[in-house]
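One line per chain: the protein sequences are E and D, in this order. Numbering of the first sequence is given in my numbering, commencing with residue 117 and proceeding in unit increments. Numbering of the second sequence is given in my numbering, commencing with residue 85 and proceeding in unit increments.
Please note that the accuracy of each hint is not assured.
Residues from chain E that face chain D, not an exhaustive set, calculated with beta carbons under 10 Å [said to hold, decoys possible]:
| hint | residue |
| --- | --- |
| 1 | Pro132 |
| 2 | Ala343 |
| 3 | Val366 |
| 4 | Ser418 |
| 5 | Glu503 |
The hints are simulated quantities; they were obtained by calculation from the structure and are not laboratory data. Note that the Cβ used here is the ideal one computed from N, Cα and C, for glycine as well.
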Amino acid sequence: MNKHLFDEILMRVEKPARYTGGELNSIVKDISNVNIRFAFAFPDVYEVGMSHLGMHIIYNLLNSYPNIWCERVFTPWTDMEKELRNHQVELFTLESNDSLKVFDFIGFTLQYEMSYTNILNMLQLSGIPLESHKRDENYPLIIAGGPCAFNPEPLHEFIDMFFIGESEELLPEVMGLYEKHKKAGYSRLAFLKEACLIEGIYVPSFYDVAYDDTGKISKRIKLFNQAPDVIKKRIIKDLNKSYFPDKIIVPYIETVHDRIVLEIFRGCTRGCRFCQAGMIYRPVREKSVETLLAQAELLLDSTGHEEISLSSLSTGDYSKLIELSQALLDKYEERRIGLSLPSLRLDSITFGLIERVQKVRKSGLTFAPEAGSQRMRDVINKNITDEDILESVKTAFELGWSNIKLYFMVGLPGETKDDIYGIKEMVYRIKDAFFDRPRELIRGNFNINVSAACFVPKPFTPFQWDTQNTVKEFQDKTGYLKREIKDRKISFSYHDPKLSYLEGVFALGDRRVANGMRRAFEMGCTFDGWGDEFDYDKWLSAFKEENLSMDFYNCRKKAYDEILPWDFIDCGVRKEYLIDEKEKSLKGITTDDCRVNCSGCGVNTSLVGGPCFEDSL
Amino acid sequence: MKIVFKYTKLGKLKFISHLDNLRVLQRALRRTGIMAKYSEGFNPHPKLCIAYPLSLGVESIGEIAEVEVIEDISISEFIARMNQCLPQGMEITDAGVYLGSQSIPSMVCSQVYRFTISHNDQESVDATINSLNGLLDNDYIIIREKKKKSKIVKKEMNLTSFILNIDLLCSKMLDVDVQIVIHVSDSGSLKVDEVRDFLYNSLNGVKSIEIKRIALNFIDKVI
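Here chain D stands alone, though its shape is the one from the complex:
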């Protein structure tokens, strides 16, 4: 039975890499005693996968993962037992039996982030709010460098073509919260650092930017 679950990665846990995150979930699963299906081979591991990697240093309230268990267990019991064994900052908030055949990671179509933009003064706050609508009108070319053997290959990308939406969520004191939806395609997606740099370069009077992932969107229902 495949179970898809949604979980948080908050506080200190934001400093744990993708692979370590996977290990944390696998160990928690072992501690619950829930029997999982194991991979074959040299070093068997519980069949558990995370839908889409999260950048180091970014918190999230909408991570998605999938696990295959071999015992009959109700969803509410699964959530309760896992939450007892997960470290502080990681909590399962929703889960469901997954009946589809397509793998979860291949179904991700966009990632939703909340950027909290702190400004130096009220003037910059107003300017940011006014410029949000036009932010995606122009191309914004970024260059990625990739090492291929001994050569460095450069690749140009238009950042704004990957951003599906920028919406103002709220503005409080000198902070402006915006929600940004980033497209995930076969040819890849954006890194949050690239979006952060884009905001720094496109807006004025920005002091700091904090990022949190809110959700992942899929091409079909997964939970």
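Looking at chain E on its own, in the form it has when it is part of the complex:
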């Protein structure tokens, strides 16, 4: 694209710096010195994509190889999309401004089901055929990974190969194989045939699926004999030894998370039954304090960020949290570098730490009770009591907070009206706890933000066989809460039931929903996750035109022996364990944290090759 036109377009769009690149620590290479050009594609806008730690890891990992140049591309916002289409300019990467078409690989990260139409849009904007079978050696290989790749089937037609699990080791292996093929004269099919033998790689075109008269999957058929029957997820054994960048790109414009994200461990031991991340990221693996301090220093020096966020699925569970936090504060307090500790439990142990953290930089406070009643929390294995929550908020009030957020879910399996009412009761008890204190201690403008998400059953959780609530049921429940929670000091918001319903369809969908997705995209659906852009009616007519029932996927109780679309993936957790957990949830029986008592999910034998923890039996 010529510079003049580029400038002209940029002057007309919102936030032009989304498309200019050239940020500090971004990497530009000489294409005559590289063999593989890789475009890391994030199917959402720049500000969202740049906040994602995984992108920074992969970007720098690939660029650490002299023969590979990894660049970035994000979904252009609707204004920019119009400009590109009007001027017939193909979607380009930020580093070289070259069209995606010239790349060897385009790698999409699948963080959220409702970003799928953006993937189709990005391919179309690049002049690349959407369907895998329409692409030959002249087109890039379209690959994808991330949490949603654990049910890859809804995207099977569009993606050439999926990466299941963690990619820090897998990606370089595949790049090595590709380079070998490229040197010997590249054939797409020959490459895919060899790549699918690598553990963690799934090539959907090597399989077909048969269905019975009720529409359920009857069997999977292999179209290439050597392709594996089961795709086993990949993990990094030792996070201390795995690749981590020493510098990350510093965006010019404000992003969603404008801070250093320090990943302190992967996995989670809590075993909440609704949580997919808690299952698919097993086993728990911690980074050492020494590793983290060294990584923090490199990142702070190379970015100039003013805040470090300790990231994980449950920060309070990091075994050396106090030691790490104290060390970071000792080192950086003077430079006003704040520490953010998401999902931390407030108790006597953390009280002093939080008091100190708040002196540098104040942060918001969020609690996630997830459900309002004790009964429901036992069903979902969220092992906290009303008293735990009340003690925590009281501690927070003592520390000077007057503004807190609370997250709940509605539509959980077996939910009754009492469980919904429990949400209101808990919120009001928290309000009372704030005001039931001596008057001289009450400070600040008290406010509770209550947010309710609509529960979506996810693959590889004990609730994968459950039905989701209908849009009507969700609306009744959120409407009920909206009527019940009437207080100037409490604001209540909830997720769009229609969006959550559609998310359920794609989370639990099989190969056939791909047609509904393509049809909806053709009708103009993109950026579905962005409230204003979401058009549910279009989705309904797209599914109708393709003769697809949404309810078949998310609103139908499935038997334990039904073949689920993602059953061919081995995430390390055994199906028997998930069934066991589902049965326990029906009886309201909880399961211990696996640090306390191994729950026998199978990950220790299938992936770890021994106990998950050094100190476990």
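Please arrange chain D on chain E, whose structure you already have, making use of the hints.
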């Protein structure tokens, strides 16, 4: 110690807004390790301010900003360390210790721009050069719309009364470079887009206009 510095904003950096520009400078300052004075409150920030906002899409070789540092550092070291940490297109070209008490933004009195006017033909170039002297003779009323709550308030302004000078710098092929000085007063100033539209409307055969800020003038010495 307060330091006032002059810097450039060139190339891709012209697409960065005022607030983002501020963040870029603050982060660069952090990377230098130079200890700055911080604001109080909820979310402390280094005390750094930019003298006058620059419109999105306009390059500049004369931006001015002020920072308060709490360590003893020589001006040459400040410039060297900052320039090592600034992104490409942003470079400090001059700096000095500021001893005055008045804040830098309140002292701005005019902004100097260079407009490069590209023409379709030589005839239009000659016409432009000839008409420059008389360009400010007549009033040129522009109407600004402002949303105040639900109402739209219209305000009329005479654009030419805000332009202090138009000077011919040079003419090369079909391009004519003029320097325009725009007054900054308590009641505001002009936007470069308004001046650009004024030129488009007042001149003939203009193909495109490129704008660069050259300098800011102050009521007293700041560097």
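Results for each hint:
no.: 1; hint: Pro132; result: 4 Å, holds
no.: 2; hint: Ala343; result: 46 Å, violated
no.: 3; hint: Val366; result: 6 Å, holds
no.: 4; hint: Ser418; result: 7 Å, holds
no.: 5; hint: Glu503; result: 31 Å, violated
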